[in-house]
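**Q** Next come the chains, spelled out residue by residue.
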Amino acid sequence: MDFFPIILSLRVASLSSVLAGLFGIGLAWLLTHRRFPGRTLLESVVILPLILPPTVVGFYLLVLLGHSGPFGKALEAAGLEVIFTWRAAVIAATGASLPLVVKAVQAAFESIDPRLESAARTLRPAASVLFTVTLPLAWRGILAGLILAFARGMGEFGITLMLAGSIPDRTQTLPLAIYDAVQSNDLTQANALALVTIGIITALLLILSRLPRVRL
Amino acid sequence: MLEIDFEYRLNGFTLTPALTAERGVTALYGPSGAGKSLTLLCLVGLRRPERGWIRLNGRTLFDAEAGTHMAPHLRRMALVFQEYALFPHMTVARNLAYGLRGIGRADVRDRLDAMLRLLRLEAFGDRYPGELSGGQRQRVALGRGLIVQPELLLLDEPFSALDQMERERLRGEVLELLQGFGGSTILVTHNLQEAYLMAGQIAVIDGGRILQSGPRDEVLQRPRDRRVAEHVGATNIFGGSVTRDDSGSSVIAWHGEQLAFAGTLPPTGSGVEFCIRPEHVRLVWPERMAERANVLHGQITAEVERGTDYLLWFRADGPAARAGEIVINCSEHLHYLMKIQVGKRLWISLPPDKLHVLIPVSAEGTAAEVAETRRQMGANITLSPSSRRQL
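In order, the protein sequence lines correspond to chains A and B. Residue 49 in the working numbering is what sits at position 49 of the first sequence, and the numbering runs on without skipping anything. Counting from 1 along the second sequence, just add 1000 to a position and that's the residue number in the working numbering.
Pulled out of the complex, with its shape left as it was, chain A reads as follows (with noise of 0.2 Å):
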């Protein structure tokens, strides 16, 4: 069995669900603690990879990012390879990703009693109530939303064939060689490379199922 594809998919997939989480728990604050114009603007865009076909997201990334597009260029000046690469895998899966997080947490930064905040407010600042209030209490959104992402980035298909292709030992994800390996009639190693997926998906489950309740 080809081992490649699984270590290609963790590594993307555990990239990817950080750079998510970032960007995701801090547009989650954003769109719940800030009034601003073009709010609902942001947060219909950061939802549109969930509705949109992969094939169109990947479209107009690759149309980004690639040699003739405008962030192309900038990377391409800075020295940084994207367009098929391994990178390009883990942008992919980010972006696919990142609409699960910030709505994770979202329902997680909502769920929690504005009075808490505005408490902590008087006695400390901004950032201090973000690490000591905010995110303690909505941890468990948040770990939710980061096992989403790692599930999303281990699937990711579309976005990820349009962007990184799917190159033999270099950008062959796990999905993608199982694509591959039913194509070429190899069923015994699609089968294995299936199973290893369910394994890591189901072993992610029984962990978010597990998950401590926070003490109240």
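The hints are simulated quantities; they were obtained by calculation from the structure and are not laboratory data. Keep in mind that a hint or two might mislead.
[Unchecked claim] So the derived label-pair ranges between C-beta atoms look like this:
1. B:1058 - A:73: 41 to 49 Å
2. B:1177 - A:209: 39 to 47 Å
3. A:36 - B:1091: 35 to 43 Å
4. A:59 - B:1103: 52 to 60 Å
[To be verified] Over 10 Å on every C-beta distance to chain B, these chain A residues come out as not near it, computed from the model:
5. 29
6. 32
7. 123
8. 131
9. 148
10. 198
[Stated by the list, open to error] Just so you have them, the derived chain A footprint on chain B, three or more residues with Cβ under 8 Å:
11. 1025–1034
12. 1096–1102
Don't be surprised by glycine CBs; every beta carbon is placed ideally from N, CA and C.
Chain A is fixed; fit chain B onto it per the hints.
**A** Just chain B, lined up with the frame of chain A:
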């Protein structure tokens, strides 16, 4: 001393509270939606007004023109929502010490111990809020604010979630804890009794504006205008006009009656709006009638028993019936002695020193309010059967 005068707009609601609060407890009293909690959020700096200023003991915390908007934790204010706003993931000790920053570990320890002693919670430092009783939680919430020695303590509807007995006990406890506090306190409440019991000053707020503020008795006994009178329970509000009686003294002409008034009335011929509190209307024994001023004959049309006292609705005979019903608060004892019941005919007196003349709302109100006052002039507010049951 807290001085505020600002304007904050939110979804078509304009909040323009102007208020000076001295040391001691000031109640910010008004109905739901009056802008009480929003005023608190502006005070602590969680909302930024568009115009005006906020000053506390000479320090400018907010000034729209100068662009000053101090961060909430630098304002030396503490916001207390009793009972429910404790951090559930922290122990009592960590809750209390939350605002103690920038001082040495030993100082934190000392102040924490002193506060636990003051709150009578020495044994509870390591407990979580979920393990405390309602009263203990409320003490911790108050202690978390007091421990930072704020200049202004803000209590937002502290007792509204409690039952009557618990509420009375906790009010006493809070007053006790506040005795050692040298700053100002603002108590937000929609309960008049609570405002009266806990505060030396009352500020009546409605529609985003402070309608009247001052010592509690002055606000209750001498409401400025009709709106304040309604809010502070001076239920009997009437319109009349100033005239002279046979002896040449100024009296209020009111539906064929001439009411003597103890204070100074506006010039003869002007319209006046006046009120009398239900507990100030006297029931008169027939044989004492000659000794009383402003007596009216009529009958009791409705009554509500309220445990220790009664609310009665009285309709006068003759032209004064057009004034509508007069609400009377009468003790159970007197109710028994006079054999009061619905349909009973009797005499009542409106003591001249208990009548209070209101400033027409139009003197400071908007055009719409003027129209509303004119419409209501001369007619007592009419109580519907449903509002009677609520009393």
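**Q** Hint by hint, say whether it matches the structure.
**A** Verification of the hints:
{"no.": "1", "hint": "B:1058 - A:73: 41 to 49 Å", "in the structure": "violated, 57 Å"}
{"no.": "2", "hint": "B:1177 - A:209: 39 to 47 Å", "in the structure": "holds, 45 Å"}
{"no.": "3", "hint": "A:36 - B:1091: 35 to 43 Å", "in the structure": "holds, 36 Å"}
{"no.": "4", "hint": "A:59 - B:1103: 52 to 60 Å", "in the structure": "holds, 58 Å"}
{"no.": "5", "hint": "29", "in the structure": "holds, 15 Å"}
{"no.": "6", "hint": "32", "in the structure": "holds, 14 Å"}
{"no.": "7", "hint": "123", "in the structure": "violated, 3 Å"}
{"no.": "8", "hint": "131", "in the structure": "holds, 12 Å"}
{"no.": "9", "hint": "148", "in the structure": "holds, 23 Å"}
{"no.": "10", "hint": "198", "in the structure": "holds, 35 Å"}
{"no.": "11", "hint": "1025–1034", "in the structure": "violated (count 0)"}
{"no.": "12", "hint": "1096–1102", "in the structure": "holds (count 3)"}
Violated hints for the displayed structure, listed by number in ascending order: 1, 7 and 11.
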